[in-house]
Amino acid sequence: MSDRGLSVGSGVNQTLPGQRSEPLLAVAGSFARAFDALFEWFGSLGIFSWKVLRASVTPPYEWRELVRQLDEVGSKSFPLVALAGAAVGVVISLEARYSLSRFGAKSMFPSTLVYSVIQVMGPVITGLVVSGRVGAGIGAELASMKVSEQIDAIEASAINPYRYLAATRILACILMLPLLTIAADACGLLTGWFAQALVEPLSFHQFIQSGFKGATFSAFLPQTFKTAVYGLIIGLVACFQGMRTSGGAEGVGRAATNSVVLSSLFLILADVVLVKFILVVFP
Amino acid sequence: MATTYDIAMKQADLKEDGSAPLVAVENVHKSFGNHMVLNGINLSLDRGETLAVLGRSGTGKSVLLRLIIGLVAPDSGLVRIHGQNIAGMALDRLGEIRKKMGFLFQHAALYDSLTVAGNVSFPLEHHRKEMSRSERDDRVKQLLAEVGLEGDLEKMPSNISGGMQKRVGLARALALDPEILLLDEPTAGLDPISSGEIDDLILRLQRERQMASIVVTHDLHSARTIADRLALLDQGRVVIEGKFEDLQQSDIGFVKKFLKQS
Numbered sequence: 005m006s007d008r009g010l011s012v013g014s015g016v017n018q019t020l021p022g023q024r025s026e027p028l029l030a031v032a033g034s035f036a037r038a039f040d041a042l043f044e045w046f047g048s049l050g051i052f053s054w055k056v057l058r059a060s061v062t063p064p065y066e067w068r069e070l071v072r073q074l075d076e077v078g079s080k081s082f083p084l085v086a087l088a089g090a091a092v093g094v095v096i097s098l099e100a101r102y103s104l105s106r107f108g109a110k111s112m113f114p115s116t117l118v119y120s121v122i123q124v125m126g127p128v129i130t131g132l133v134v135s136g137r138v139g140a141g142i143g144a145e146l147a148s149m150k151v152s153e154q155i156d157a158i159e160a161s162a163i164n165p166y167r168y169l170a171a172t173r174i175l176a177c178i179l180m181l182p183l184l185t186i187a188a189d190a191c192g193l194l195t196g197w198f199a200q201a202l203v204e205p206l207s208f209h210q211f212i213q214s215g216f217k218g219a220t221f222s223a224f225l226p227q228t229f230k231t232a233v234y235g236l237i238i239g240l241v242a243c244f245q246g247m248r249t250s251g252g253a254e255g256v257g258r259a260a261t262n263s264v265v266l267s268s269l270f271l272i273l274a275d276v277v278l279v280k281f282i283l284v285v286f287p
Numbered sequence: 310m311a312t313t314y315d316i317a318m319k320q321a322d323l324k325e326d327g328s329a330p331l332v333a334v335e336n337v338h339k340s341f342g343n344h345m346v347l348n349g350i351n352l353s354l355d356r357g358e359t360l361a362v363l364g365r366s367g368t369g370k371s372v373l374l375r376l377i378i379g380l381v382a383p384d385s386g387l388v389r390i391h392g393q394n395i396a397g398m399a400l401d402r403l404g405e406i407r408k409k410m411g412f413l414f415q416h417a418a419l420y421d422s423l424t425v426a427g428n429v430s431f432p433l434e435h436h437r438k439e440m441s442r443s444e445r446d447d448r449v450k451q452l453l454a455e456v457g458l459e460g461d462l463e464k465m466p467s468n469i470s471g472g473m474q475k476r477v478g479l480a481r482a483l484a485l486d487p488e489i490l491l492l493d494e495p496t497a498g499l500d501p502i503s504s505g506e507i508d509d510l511i512l513r514l515q516r517e518r519q520m521a522s523i524v525v526t527h528d529l530h531s532a533r534t535i536a537d538r539l540a541l542l543d544q545g546r547v548v549i550e551g552k553f554e555d556l557q558q559s560d561i562g563f564v565k566k567f568l569k570q571s
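Listed in order, the protein sequences are those of chains W and U. According to our numbering, the first sequence is numbered sequentially starting from 5. According to our numbering, the second sequence is numbered sequentially starting from 310.
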């Protein structure tokens, strides 16, 4: 009997100490390693965030790179976000018409569509689409720069990579997400109305008047501007994954995948928290 | 011939005129995981001097250069530039010291989204903001002419050869008129003619600009051509440091073997 089997088995499973303790130890070891990796990841993310924050509030400011990233994140994501928003508008329109008809509440259609698109679907869909396009792009770009020593070359040229590469990309994501959300919402409302108007005559003017009747800014603005937090998550996770990568082409692929998966996951989790927060602060 | 102990003693003291060496590496240890790369290394570099660091692959030559420019932090020991210890220094403060240094990476590490001219212009755009665009363009042309690439300004790094990439990397390293030039395997992977051209180029730049250089190489011929002093590394330590003749006269087995195989 091994020492390990004896020490774990005694007092718990005295009949089969060796056989039972080793798989248990292996499972415990796996959990310990997973927790270790998890804490290491969050710890490194915290240090990374602090370095980016410190770099972003101290001069020199990288205005040119920021403008380039605003274009990269904003303008180049616009077609995809608009298309996703439009598709969501049509789907909600079709589903809402069917459901509302069953309960004799067809008159509620405009406000149902407006609230569904602007408060719920628009922000989340925009976040997920940008996470897929921009998150993967930033993760892969920075990871490729990291493995080919380009980030080291930037640093060796006395340029702070946390300021030049990370802060500009993260800020661009924070600034562009709300604007892209407004674009997605607009496309969703337009296509939602159009899908309804094909079935029943409804002018756009009537649709908007009825949909926004009694609505206040506080009903829509927090939901739209919460996407700035999504932008922070997407930019931060993608930059972090990209700039810490190692291991050549495989590492680049892993960084891109992890950027999308982790930013999407954190985005959905953040949505839960933010929805509750907004309901409490803006009742 | 200086022993490791002599070298360590020499670095511990200031020079006769009271000034500190331009670069001083003092008793530096560095490990990656369980693998000890540098094991108490001592080196120094004075103004206008060229030091070649030789050794087998994996003996920590490139890590040494990365320590000197602050890309890697030592586990223990000091890395002094102009007498200031850079280990643990904040990034922006370190940046001020890095402006006086040029670094040529082993694989050039050119920015693949920028043209040849864009690569050379990059440090100027960030640190010579007082320069007008035309002045900057002229400076880029002059730097690329110095490395013999005046006709390739608009080419992308992926469209030029390895030797040309090294030249662009060298032009980029020279952009801010550094006092210290760090060259990581400047001739590795190049044919003998291109290697010779790079060596000539480095010699000419040293002559014209009077800058101090540390050249990491495993090419003994190149080291002998361009360096005033040579340091041979083995197992993370300086085995011998001196002129080429000192290495030739050494009785140390590793030195004899290295010279014989090179």
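It is possible that part of the hints are untrue.
Calculated Cβ distances over 10 Å to all of chain W for the following chain U residues [unchecked claim]:
(1) Ser-340
(2) Gly-349
(3) Glu-405
(4) Met-410
(5) His-435
(6) His-436
(7) Glu-439
(8) Asp-446
(9) Arg-481
(10) His-527
(11) Gln-544
(12) Asp-560
Subject to a maximum C-alpha distance of 25 Å in a straight line, what follows is the list of computed SDA-like cross-link-like pairs (lysine to any residue) [stated by the list, open to error]:
(13) W/Lys-217 - W/Ala-199
(14) U/Lys-450 - U/Glu-439
(15) U/Lys-409 - W/Ala-59
(16) U/Lys-409 - U/Ser-470
(17) U/Lys-408 - W/Glu-69
(18) W/Lys-55 - U/Met-473
(19) U/Lys-408 - W/Asp-156
(20) U/Lys-569 - U/Pro-501
(21) W/Lys-55 - U/Leu-387
(22) W/Lys-217 - W/Val-285
(23) U/Lys-450 - U/Asp-509
(24) U/Lys-438 - W/Ala-199
(25) W/Lys-217 - W/Glu-69
(26) W/Lys-55 - U/Glu-405
(27) U/Lys-409 - U/Glu-455
(28) W/Lys-280 - W/Ser-115
(29) U/Lys-438 - W/Asp-75
(30) U/Lys-438 - W/Val-203
(31) W/Lys-55 - U/Ser-470
(32) U/Lys-408 - U/Gly-367
(33) U/Lys-438 - U/Arg-518
(34) U/Lys-464 - W/Glu-76
(35) W/Lys-217 - W/Leu-236
(36) U/Lys-409 - W/Ile-158
(37) U/Lys-566 - U/Arg-533
(38) W/Lys-80 - U/Thr-424
(39) W/Lys-55 - W/Leu-194
(40) U/Lys-408 - U/Arg-365
Source of the hints: derived by calculation from the structure; they are not laboratory data. Since we're looking at a predicted model, the values are computed, not measured. Don't be surprised by glycine CBs; every beta carbon is placed ideally from N, CA and C.
query: Within a Cα-Cα threshold of 25 Å, do U/Lys-408 and U/Gly-367 meet the stated pairing?
result: violated, 28 Å
message: W/Lys-55 and U/Leu-387 were given as a pair; does the straight-line alpha-carbon distance stay at or below 25 Å?
response: holds, 24 Å
field: 10 Å cut-off, C-beta based - U/Gln-544 kept clear of every residue in chain W
entry: At about 25 Å from chain W, U/Gln-544 clears the 10 Å cut-off, so the statement holds.
query: Has the given pair, U/Lys-438 with W/Asp-75, been kept, meaning a C-alpha gap of at most 25 Å?
result: holds, 24 Å
query: Holds or violated: is the Cβ of U/Asp-446 farther than 10 Å from all Cβ atoms of chain W?
result: holds, 17 Å
task: Hey, is U/His-435 genuinely clear of chain W, shortest beta carbon separation above 10 Å?
output: violated, 5 Å
query: Would the pair W/Lys-280 and W/Ser-115 pass a check requiring their Cα atoms to be no farther apart than 25 Å?
result: holds, 21 Å
field: Given hint U/Thr-424 paired with W/Lys-80 - CA-CA distance at most 25 Å
entry: Since the Cα atoms of W/Lys-80 and U/Thr-424 sit roughly 22 Å apart, the hinted pair holds (cutoff 25 Å).
task: Would you mind confirming whether the straight-line C-alpha gap from W/Lys-217 to W/Val-285 stays at or under 25 Å?
output: Since the Cα atoms of W/Lys-217 and W/Val-285 sit roughly 22 Å apart, the hinted pair holds (cutoff 25 Å).
message: Next pair to validate is U/Lys-409 with U/Glu-455; report whether the Cα-Cα distance is within 25 Å.
response: Judged against 25 Å, a Cα distance of about 19 Å means the pair holds.
- prompt: Is U/Gly-349 truly not at the interface, in the sense that its beta carbon sits beyond 10 Å from all beta carbons of chain W?
  reply: Holds, since 25 Å exceeds 10 Å.
task: Hey, is U/Glu-405 genuinely clear of chain W, shortest beta carbon separation above 10 Å?
output: Violated: least Cβ distance 7 Å, not greater than 10 Å.
Violated hints, in rising order: 3, 4, 5, 6, 9, 16, 18, 24, 25, 30, 31, 32, 35, 39, 40; the structure is consistent with all others.
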